[in-house]
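Student: All chains should be modelled from the sequences, with the hints used to inform the complete structure.
Protein chains: 2
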Amino acid sequence: MSTEKKSAKEWPLVKGRALNDYRVFRTRSEIARSPRTGEEHEFFIIEGGDWVNVIPITPQEEVILIEQYRHGSKRIELEIPGGIVDAQDASPIAAAERELLEETGYRGTRSTFLATLRPNPAIQENNLHIVLIEGAVPSADVRFDPAEDIHIVPMPLREIDHLIAHGKIAHSLVVAAFHMLDLHRKGLIRA
Amino acid sequence: MSTEKKSAKEWPLVKGRALNDYRVFRTRSEIARSPRTGEEHEFFIIEGGDWVNVIPITPQEEVILIEQYRHGSKRIELEIPGGIVDAQDASPIAAAERELLEETGYRGTRSTFLATLRPNPAIQENNLHIVLIEGAVPSADVRFDPAEDIHIVPMPLREIDHLIAHGKIAHSLVVAAFHMLDLHRKGLIRA
Numbered sequence: 009m010s011t012e013k014k015s016a017k018e019w020p021l022v023k024g025r026a027l028n029d030y031r032v033f034r035t036r037s038e039i040a041r042s043p044r045t046g047e048e049h050e051f052f053i054i055e056g057g058d059w060v061n062v063i064p065i066t067p068q069e070e071v072i073l074i075e076q077y078r079h080g081s082k083r084i085e086l087e088i089p090g091g092i093v094d095a096q097d098a099s100p101i102a103a104a105e106r107e108l109l110e111e112t113g114y115r116g117t118r119s120t121f122l123a124t125l126r127p128n129p130a131i132q133e134n135n136l137h138i139v140l141i142e143g144a145v146p147s148a149d150v151r152f153d154p155a156e157d158i159h160i161v162p163m164p165l166r167e168i169d170h171l172i173a174h175g176k177i178a179h180s181l182v183v184a185a186f187h188m189l190d191l192h193r194k195g196l197i198r199a
Numbered sequence: 009m010s011t012e013k014k015s016a017k018e019w020p021l022v023k024g025r026a027l028n029d030y031r032v033f034r035t036r037s038e039i040a041r042s043p044r045t046g047e048e049h050e051f052f053i054i055e056g057g058d059w060v061n062v063i064p065i066t067p068q069e070e071v072i073l074i075e076q077y078r079h080g081s082k083r084i085e086l087e088i089p090g091g092i093v094d095a096q097d098a099s100p101i102a103a104a105e106r107e108l109l110e111e112t113g114y115r116g117t118r119s120t121f122l123a124t125l126r127p128n129p130a131i132q133e134n135n136l137h138i139v140l141i142e143g144a145v146p147s148a149d150v151r152f153d154p155a156e157d158i159h160i161v162p163m164p165l166r167e168i169d170h171l172i173a174h175g176k177i178a179h180s181l182v183v184a185a186f187h188m189l190d191l192h193r194k195g196l197i198r199a
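As they're listed, the protein sequences go chains V and R.
Note that our numbering has the first sequence beginning at 9, numbered continuously upward.
Note that our numbering has the second sequence beginning at 9, numbered continuously upward.
There's no promise every hint is true.
Identical copies look the same in the list; a pair holds intra-copy or inter-copy alike.
Derived lysine-lysine pairs resembling PhoX-like cross-links, with alpha carbons at most 25 Å apart [to be verified]:
#1 K82 - K176
#2 K23 - K194
#3 K176 - K17
#4 K17 - K194
#5 K176 - K23
#6 K82 - K194
#7 K82 - K17
#8 K82 - K23
What the hints contain is simulated information worked out from the structure, not anything from laboratory work.
Tutor: The following block contains the structure:
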């Protein structure tokens, strides 16, 4: 049985070319060579900027969730704020603070970087940064982008496990963010 | 301040059209009408089959992780087995058992459906099913697809939190799967 531990190897890139531009993401073809067989295979990659997800927690230990219609799943999803890290954002934390303010009008008093994950390393090249913002309170009116329509749903932090377990929160990147919060609160993530 | 709770509304679909086919995913354009402004906006959607992620646990409480080069992130990623649910798979559990066997040669004695999440409902229409397979033991040789090169890494379940906290496991869909395992082990997920 071939179950012994060995190390995986990198696949040398033979050539890549841009395919299509869909505004929020682009596609690319890449030919890479298998280190096992020496054969070339074509892979399709989705390019796009890095993303940031924010867990905003109020002084009353409520999480500021948002509800919005999502065109991929064709459902109204319960999520946390987040978006694309802009070129003007000085850091993922700055991007998180900007997205929180834009989408909810909240500002916090303490921002903590929790993790950088990869949304889907098989087909996407970008990163997902996860930031905790504590002491979040309403501080400005919300001005949506014309293609956005977001509703704010404050929810006790202790209810989040149940919302996920019962499928009310089903966005995998949001579930992953709450896992990183659990590891942070267990003291496993060092600053 | 507009922070009161309201309900988000669905966006009526005006028209959709297929764009490109990239073998493992396809793209589509959709025009939808904002329920807030009445204006039409174009969204780009990634189509593809549903995915399944498997957490295989041995009788010794080891998780069978796999290591493989990922062409999106250009890194060797530490993950759990998984793949696309085929038309021939009778259920997500059957797909999980097939993927586990194909990628690792392991079979289990008990399969438990943990959750259906959405990989990224903003731009992807598909689901991610998460299945726990306990009693996993090696039972067959592995036969890779020519475009695969997978190495098996058994790891004690109690080490998984540390691997995630230290960025050794960084695939967000894998992190989300371990979160669902946590909720299952806390008794929050009912069969």
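Student: State for each hint whether it applies.
Tutor: Comparing the hints with the structure gives:
1. K82 - K176: The answer is within: 15 Å in one copy meets 25 Å, while 34 Å across copies does not.
2. K23 - K194: neither (44 Å within a copy, 48 Å between copies)
3. K176 - K17: between (39 Å within a copy, 16 Å between copies)
4. K17 - K194: neither (34 Å within a copy, 37 Å between copies)
5. K176 - K23: neither (43 Å within a copy, 28 Å between copies)
6. K82 - K194: For K82 and K194, neither the intra-copy (36 Å) nor the inter-copy (31 Å) Cα distance is at most 25 Å.
7. K82 - K17: between (39 Å within a copy, 11 Å between copies)
8. K82 - K23: Between copies only: 14 Å across chains, 36 Å inside a chain, cut-off 25 Å.
Hint check: violations occur at hints 2, 4, 5, 6; the rest are consistent with the structure.
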